[in-house]
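Asks: Chain by chain, the residues run as shown.
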Amino acid sequence: MTAAAPATAGEKTAALVASVEDLRVHFELKAGVLHAVDGVSFDIADGETLGLVGETGCGKSVTARSFLRLIPTPPGRYAGGRIRFWPKEARQSGGEPVDLLQVPTSDMLDIRGNRIAMIFQDPGKALNPALPIREQVAEVFYQHRTEDLLEAWNGRAPRPIRRAASQRAGKLERLAFKFPPLRSQSKRLKRRVDELVGDALAETQIHNPRKIMASYPHELSGGMKQRVMIAQALACNPDLLIADEPTTALDVTIQARILELIRELQHAHQTSVLYISHDLSLVRRICDRIAVMYAGRIAEIGTTQQVFHDPRHPYTQGLLAAVPSFAHRRGELAAIEGTVPELIDPDPSCRFHTRCAFATDICGRVDPVLDGRVAGRPVACHGYASPEELGVAAAELPHLDRSPA
Amino acid sequence: MVDTAAPREPLTRTESGPLAVRLRRAGELTREVLRNPTTLMGLIVIVTLISLAFLAPLLTEPNRPDAYQMPRDWGATNAPPGTPGHLLGTTSTGGDVLYGVLWGARTSLRMSLIVVGVTMTVGTIMGSIAGFIGGKVDEFIMRIVDVLLAIPELIFALAIAAVLGPSFANIIFALSVVFWVKYARIIRGQIIHVKHNEYVDSARVIGDSKLNIYRKDVLPNSVTPVVVQATLDMGNIVLVGATLSFIGLAEAGLAEWGVLVSEGQAGISSGRWWASTFPGAMVFLWALAFNLLGDGLRDVLDPRTGGR
Amino acid sequence: MTTLRDDTVATPAKVGNEPVITLRGVEKYFPVREGVFQQVVGHVRAVDNVSFEIPRGQTVGLVGESGCGKTTLGRCIAGLTDATGGGIYFRLSVADRQFLDQVDAIPQEQRTQEQRDRVERLERAHRIDRLKGDAWRTYRRNCQFVFQDAFSSLNPRQLVKDIVGRPLKVYKEASGPGLTERVVGLLESVGLGRQHLYRYPHEFSGGQRQRISIARALALDPEFIVLDEPTSALDVSVQSQILNLLHELQQERGLTYLFITHDLGVVRLMSDDIVVMYLGEVMEHATSEELFASPRHPYTDALLAANPDLLSDGDEDTEMRGLEGTLPDPARPPRGCRFHTRCPVATPRCGWEVDDAVAWLLDNATVLDGLSGVERATDFDSVLRFGDEAAAGEAASLLESSDVPASMRTAMVELGTDGAQLRIRFEEVDAVRLEDVGGGHTTSCILHTSQSAGS
Ligand SMILES: Nc1ncnc2c1ncn2[C@@H]1O[C@H](COP(=O)(O)OP(=O)(O)OP(=O)(O)O)[C@@H](O)[C@H]1O
Ligand SMILES: Nc1ncnc2c1ncn2[C@@H]1O[C@H](COP(=O)(O)OP(=O)(O)OP(=O)(O)O)[C@@H](O)[C@H]1O
Ligand code: SF4
Ligand SMILES: [Mg+2]
Ligand SMILES: [Mg+2]
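Protein chains in written order, with the numbering used here: chain H, 1 to 405; chain R, 406 to 713; chain P, 714 to 1168.
Not one of these hints is a red herring.
The calculated DSS-like cross-link candidates involving lysine-lysine, where the alpha carbons are at most 30 Å apart (straight line), are: (1) P/885 / R/615; (2) H/190 / H/211; (3) R/600 / P/845; (4) P/845 / R/541; (5) R/600 / P/882; (6) P/845 / P/885; (7) H/125 / H/211; (8) P/845 / R/621; (9) R/600 / H/125; (10) H/178 / H/211; (11) R/600 / P/885; (12) R/621 / P/882.
Beta-carbon label-pair distances, calculated as ranges: (13) R/428 / H/348: 34 to 42 Å; (14) H/376 / P/1039: 40 to 48 Å; (15) R/446 / H/345: 29 to 37 Å; (16) P/1153 / H/130: 47 to 55 Å.
The set of hints was computed from the structure by calculation and includes no laboratory data. No residue lacks a Cβ here, since even glycine has one placed at the ideal position from N, Cα and C.
Input sequences plus hints: build the corresponding full structure.
Replies: Here's what the structure looks like:
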């Protein structure tokens, strides 16, 4: 499969925050090479919320983690493609993007948490059980917001305080903070940290941030921990927030609150969001555009409206029909027969062809390309391919109803 | 009506019966165990040692009346290795070291099989009763186990063997008394863990008897760490047994590695290294080989490290 | 007492649909142990006073958030654990149930010998923890369970044939080639086949494993199956396969289901009746259409608001709303209505108590750092002792401020300081009861029932 650039070329005029092009991430396992992500392309525009939906194991988390190069290598391997990222300055001045798969590790450390922040599914595992919440949120400020911490000094902070503000103070310096003249200054720094941490927590509408700051993760409920994670993620005003199923572990009523919160904060901060979920009805409520993923590839991309009211890919069509909704009668739920294919050393083919009602011979032989020319927006299905380019007769292509529903 | 289309399945699978499936699975596990070179080496050494034990009567003329007693060649005491008729030399009392090494392997095999057999059975029964029944019975058994575990194995075995008087049978008895507790604890822990699996509840829902649930669901899923421990103990027991006979708790003149080392040690200072070195090396090899195999098994069998 | 019986025969709403399972005031308390000696310091009230019936051939859905006691109730019904209170009855007729209810209302010493004998007879014949011998075996065969996690509910060391054929072996229904054929038949009825007989569970996908579980549950041709979140571990596209399968089997075999789930969409699709649980108690119980068309409990409203796709008029523009606060400790559930701490429309009569005031202070201020002791007269009336007068005064003024939810403030009938002590007294209220609001639709919310809502 070749890069799917043409499909999205038209939209490149809008300022982009990130653009994933033909990303491939493979895992070398005993049984063979697992093509966890196998040619994924999508763009995230400035200020938008892009939903990435798909079933368990389709590669959503691997895609998300690739943004921050968090895949363990080995067994993982970035087997191709690039993820271009435009930091704020680059977007404003029309500067060059960076390729997140290529940037030096030192730059990556700055991007993590500062430019791109991530919230995970299980807030229990992402927080350090041994540190109070204050320290964990403060970490972000020490790492990326040293200048904010030193605001009150107007750039004339003494060296030890400077070093303390980026958590580089040595043993001796820390001892010196216990005595004048540094004592009062170090207290001032501490107050400033408290203030910023308190503000960050308060923004997530958590009750009594002061009390939360002093508590340890195990004293908080799942919903509260997720709020702390959000506070941590947004503390630096990142350009891009990646939320990997942030509410899956929570109860529905709490989940709804967290979603509202993410949406409000996104509007307030003008952050772009990549929102990952397997829950279609959730994604629909908070995303501007949706990319549907299946077995390591993008099936289709469109606005929320388009994907829900005019799904083009047979998989999306089946998926939407399979969610129990008000319109369904018992026993008449549409089911996609079969199960997800193994992704170990797959042959070129549409990954959906074993389950697709429209599949023809060509679907089992040739990789479909994510192409928007026939469907009007990116869809990876031979039903929307041009017979000439594939070199086959039009009759050999799957026969889908190509007109909008 | 519903999907019958499981993901493409190799056709050969449909034909195989239950026996073939079980054998194939055993084969897969064996292959996985042997993929690790150190485990393979352990296994080769074990096979060699056990073959030696079996072949001992063919390789050497069994002593009469008791083949497990060292033959005495009073005409050739302290003969160095390479002496004709005494390939590995003789001891200060004219015992053939080769005979001791070979029949010692037989003694060791006998000892470890008896002790492991007894302790594994007793430990599994006690641990199962404690874990599966629970409550007061569990409390009672586990307190005994705790007390026994608090005493170091060697010292405890030594105390028992010393009280009963020096004899190889007493050493076996002492080791049996000491080694079962570990099994009891392992299996109890496993059972308490396995008992809470939903497949146990599933069996209860269909109304199967307690005994059947124990036999089919609980025990088979609890037993792997016991197998691993038994393998390790096959080595450890020979080590402890040799130590006990080394300090003189076995009959003198027994064809047993510990006894031989003990008899030969006096000569080391005067350069007669062979009488204790060969049997000593055998103890070392035996214990090492079983430990290598045990570790390899653990890696593959123990669910916590990723096998199944 | 035939007269008693005669009065009651006409009333049941669902004539012809006698219940397979009847729950009467079922309770399951788990002891909470603490300290070196493991003393019992309290009880987690996982299931508290739950009553409903599961009519033959129907599906009753049980919904609620994590930890509300759904699984525990299902396990009690399946006989996997014993309820600590109340009774679970198998094939108890509506008339007999009404008789039991009536006798329950009569004080012990006023019951006639005849009544007592009949109660005893009914209990021995129907109450599952008192069934013996053949009666127990009949119940055991007819009540099966499908677990949420299809992986841990299949013995990893048994082949599919042994797993599915095991019930048949236990009841000596088949053996040898006959058994194999029966198992193949069962596998085919759940969409698997002969080729799957000799495989281990780990060789199957999640959906296929759940099919194996279902096949095993069907082996004895039971009347009733408890389905504990049978699809929540599965993907949507596979979930729909299983839901269709369950429906089809129900049609073919006239099965009765208790369908446990936290997914309202699934429960709406699958159930005739829906029971909504919160913190161990039933909040609302109605037919599926009723519940979605006109929910009569704020908790049900909240569940629906969190997933507006399920509303008939819901589309992507409908705002999604969540609930504030966290689930209270089930070992010390709130008084009055258990939902009042999170209820957006709570009234002063909903059960506000001293703990709520304390929790509010903890969440919103730091004065409680100076708290030195609490003297609790009742849950509604306590004295908080502070280190100094100022702190007590501050706490009092905070509780009087308009930041405190209005309904809680109104419910506070006394709030006064005496030196460093702060006395808080709330109006005392009774526990809420489920009440019929018409057509078998029951709810416990005082806003929708005759329980004194105003004050
Ligand atoms: N570290 C790893 N080693 C080996 N395989 C991996 C690793 N991480 C992920 N995979 C594989 O990559 C595939 C995609 O995984 P990924 O976590 O991205 O799925 P997902 O779409 O996020 O699913 P879920 O909804 O379950 O979170 C899976 O088949 C998974 O087994
Ligand atoms: N064996 C037990 N011992 C003590 N407490 C228990 C036990 N089993 C359940 N509980 C408690 O009972 C309450 C109800 O648990 P239950 O598993 O029935 O909830 P649930 O509604 O099934 O939740 P979920 O949706 O998470 O499955 C919980 O607070 C739980 O901690
Ligand atoms: S009874 Fe009161 S607290 Fe409970 S739900 Fe109804 S209004 Fe809310
Ligand atoms: Mg994931
Ligand atoms: Mg449950």
